[in-house]
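Asks: Chain by chain, the residues run as shown.
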Amino acid sequence: MDEIAHTATCASPGEVVTGNVMPILHQVRHALHDLLETGKSEVIDLRSIPMGPGEEGRLAEALGKGEVEVRMSALGPSEIIETRYPGVWLVTHFNNDNEIIGKFIEICAIPGLVMAQDEDIRAGLVQLNEQLT
Amino acid sequence: MSASLEKGIHALKEQINAPVASFFSSCVRCGLCAEACLFFTETGNPKYTPIHKLEPMRRVWQQEYTFWGRFAKALGLSKPVTDKELGDWETLVYDSCTLCGRCSMVCPVGNDITYMIRKMREGMAASGHAPEGLVGATKLAVTVGSPMGVKLPALQAQIRQVEAETGLKVPVNVEGADYMLLLSSMEIMNFPEFIGAVAKILDKAKVSWTISSEAFEATNSGIQIGVSEIAAELVQRIVDAADKLKVKNVISPECGHAYMAIRWEGPNLVGKPFSFRVVHVLELLDELRADGRLKLSSKETQRLTYHDPCQVSRRGGVVDQPRRLMDMVAENFDEMPESGTMNWCCGAGGGVSSNERADDLRLQVFKRKKAQLEAVKPDALVSACSNCRIHLEDGLEKYGMDIPVLSLTETIAEHLADE
Amino acid sequence: MSKDLTIGEALRQRGVSRRGFLKFCAATASMMALPPGMAPVIAAALEKARRPSVIWLSFQECTGCTESLTRSHSPTVEGLIFDTISLDYHHTLQAAAGDAAEAARVAAMEENYGNYILVVDGSIPTGNPGFSTIAGISNLDMLRETAAGAAAIVSVGTCAAYGGIPHANPNPTGAASVSDLVSDKPIINVPGCPPIPVVITGVLAHYLTFGTIPELDDLGRPRAHYGQSIHDRCYRRPFYDKGLFAETFDDEGAKKGWCLYKLGCKGPTTYNACATTKWNEGTSFPIESGHPCLGCSEPDFWDGGGFYKALSTPTADITRTAVYAVGAGAAAGIALGAMNRTKQKRMAKEHEKVTIDDLEKGD
Amino acid sequence: MSEIELFNWIRGPALQIATLIFVVGVVVRILEVLVLGRKQDLSEARGSGVAGGLRTIISRMFPDRGTLQRSTFNVIAGYVFHVGFLVTLLFYTPHILLFRDSLGVSWPALPTPVIDATAVVTLIALIAVLVHRIQHKVMRFLSGFQDYLVWLVTFLPLLTGYFAFHRVVLDPQAMIAVHILSVELFMVVFPFTKLMHTFTLFMARYYNGHIAGRRGVKT
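Protein chains in written order, with the numbering used here: chain H, 1 to 133; chain G, 1001 to 1419; chain B, 2001 to 2363; chain L, 3001 to 3219.
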């Protein structure tokens, strides 16, 4: 934890620390615990939390990278990365100009968006049917 | 028979100066002065809060000497001070204030409340609200020369008695003497031993001294009642006698207010500096001690404590001298809690003892001194003011305490080395 | 695109997958400053919501607000929201001009009477009606006429919300805000100069999603976006609390990113979402770029003292007043003091001698 | 008048009026006292009056033992609210900026959490002294309308400042306006009331110490 605390709070010279990185990590820890105990998933909207320049980077650094990386292309690209803590996902949505339109931490087995949606499956089936007939 | 409200207000207006204005401007009504006043602490009655005793004078200041007060007065918004109010304040200003000055030491904004009470009495006296006892004493002081009506023959009789007892000559009207001794009537009538003690000490120390037959009274009722011109007249008698005998020094006896009157108020009352120096008898004794001219052969062995007369120490500045003398004469000298400039008044100074109306009150507030003495439990109590001594004896008797009250000068005289 | 389509249908027609729609809803929830858990609710609501008709009126304004909203060429989420509405009249954006444009407005009003959303940017002159007219119609008349059939009014930008720059002292045109002139319709103020684009669309999204206007503060602003001050959400706040301030724009403090309070930052009295939502797709906001907040989303921000004067400093020249006051006080004080002194001396001079016979009261 | 116009009036003309009354009033009252003068003391001095006066200005900041023991609450609460009032007034950044802007001098500020805590302590102390004033028989006896008015005008700037700092009760702009207004009230009331002790106590202590100093008494 010391190392995380270090990464999370020690800014390089010229950087600004709001002190919001550590609380987010704690929130993630509680959410992970809840996920195991009750199966309840949680989403944290990173855009609602004040962040100084470089702080989002430090948060990402503190979370690290895990085994799964998903790239999606639906109404612009999306990036869904499992962090070094399984069950904690860093989700970033972009628009077609590659501008960020949403950034979340999701605590769940797998983010719902990754799963194929019934409606899309149905549409895909229709399409496949059309192709095969 | 011409005292009037107008004269009183006039006198108050006359008395208000920059210090008074700064004091009234600064008071925040914190009430801390109450806890410094034995009339409050021993009665618990808030009307005895020192600053409250000045309320009519404060109103005169506000109405006459502040811009918004003048403004309000011009608009008829302020309530003038009435004769009834001054009458109501009479007991507060005379009976329940000994001018001890303790409140002036604790006021956090630095108000010298005592200084103002002294001034307020000018207005009270001019408006005819001085207590009967003090009026009588003042009349005697002016007409007879002593507030107790002690005349020269009485003094001469006491001198003869002293001369017989000591075998020493008490010099009277000796021109060119270095020191002229003043006495308080109480000393002449109640403690003539004091004259003998001074005679013995000064004889051993080879000090040339005298007593004037024209001005031997040291006390000044004019100050206690608050009439400056009467006070000035009484001081002038001493000045004239001192000039006539061409003395270099005048000794104020063991009396607090006498010292205040002649040492600190005197020159201001007569309007010019004295041609002679004024010393309190303890100051003189301490000087002689320092010069090696005051030698003792033995010491007092009983446990002693020293009661500071307010006008000698807190208001007079003779604080260290009595302590050096006590150390010299006593083997076992213990200070009371809150001594020196923070000492508690006996309860009878400032004219209270001349005012029979205040007799019960002064004995009631003596409980403060009683508590102080109980903390030390001395075998005897030493002081340097005949007025304090009489009241201390009264108080001790009333509360059934068997503690003798001694004069510091007399105690020293008893232990003088023979050589 | 037919007006009868629901938003869900409209998006699907554009080839947006369900997954894309859900992503859109997640981003919309974020935009509306709603908790992320609200995304499915938004999805369900938007799926069925009808595309509302919107009439956009521009009065005394600089087009900055429209620019803010439309500056992006590609379909952003805000753009999509915008695309899903039926923008029936916007004289800057629409192709039609002159009578044709006015005809479109009148037609949209008649067709959707009582149901359309009226968006206003710019303040309305209440002085000479000729100060600002469109197709010969004064702004005031057009506002009254169009507002009459609106379901709700969105005042976009500080000019429409509070009068803005045209209203600044001495306000030569008698500029007034929409809420000054219309009182019988729900009005949502989206102030800012310009407002953050996602806030504009967030408000529209809210209306689309819930069919109601969002919760407003006492200045008519949606609490979701204007509920907290810039200062409270500012990443430089810790420096304020520690007392570390930039004193000039190029000192060490400025370089270290310390608080800009002393340089006139109005963050403490300004309510807006800049500090978290940020600008340019969340890139940054003025304070992050090193400039103090001007307080542009507050009424009369233009008249609130200098932009570079610290909030706590007086707007008047107190120093000069104090100097004059000392002079006047000294003169008056010496005069009054001299009067006091004279009075006191006179009292002493007129003193009647008190003798022992005067110690008792006369008759 | 719109809210901001009112706010600007409070920060502008109203502040000027308050400053004018405050400064003129204080200067007049100080001079009114000083010019009145006093007679030269003709008695032979035992010690230095000037030294005594100057010493007393400092020494009266500290109570004697007996007073501290007998009036512990009064002394401590008095200290706390005076120090707290001055700390919040003089060491809060926005206040320092105000002084820098109007007087041209500035000094380092204290961290805002410290100011925040100080304000709370001061408010509590002020409430305590009010309760004390009402309950203590001497203080209640001595107190009149002016004493409660002065308490109120001292309390309000702290309370409104605290509210403004925490953005509660009113929206912050309005709260700051109310805060400044309360300070203006304080300034206007100042020269006419015992608040003048802020300045005159130096004179009072000096005169007292001068009288005592000449007599060789340490006060």
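Since the hints were made in silico from the structure, they are not lab data. There could be a bad hint or two in this list.
List time: in silico BS3-like cross-link candidates among lysine-lysine, alpha-carbon distance up to 25 Å [to be verified]:
#1 LYS2361/B to LYS1007/G
#2 LYS2343/B to LYS1073/G
#3 LYS1007/G to LYS3039/L
#4 LYS1206/G to LYS1295/G
#5 LYS1244/G to LYS1206/G
#6 LYS65/H to LYS40/H
#7 LYS3039/L to LYS1272/G
#8 LYS1246/G to LYS1169/G
#9 LYS3137/L to LYS2343/B
#10 LYS2255/B to LYS1084/G
Asks: Check each numbered hint from earlier against the structure, then list the numbers of those it violates in ascending order.
Replies: Of the numbered hints given earlier, those the structure breaks are 9, 10, listed in rising order.
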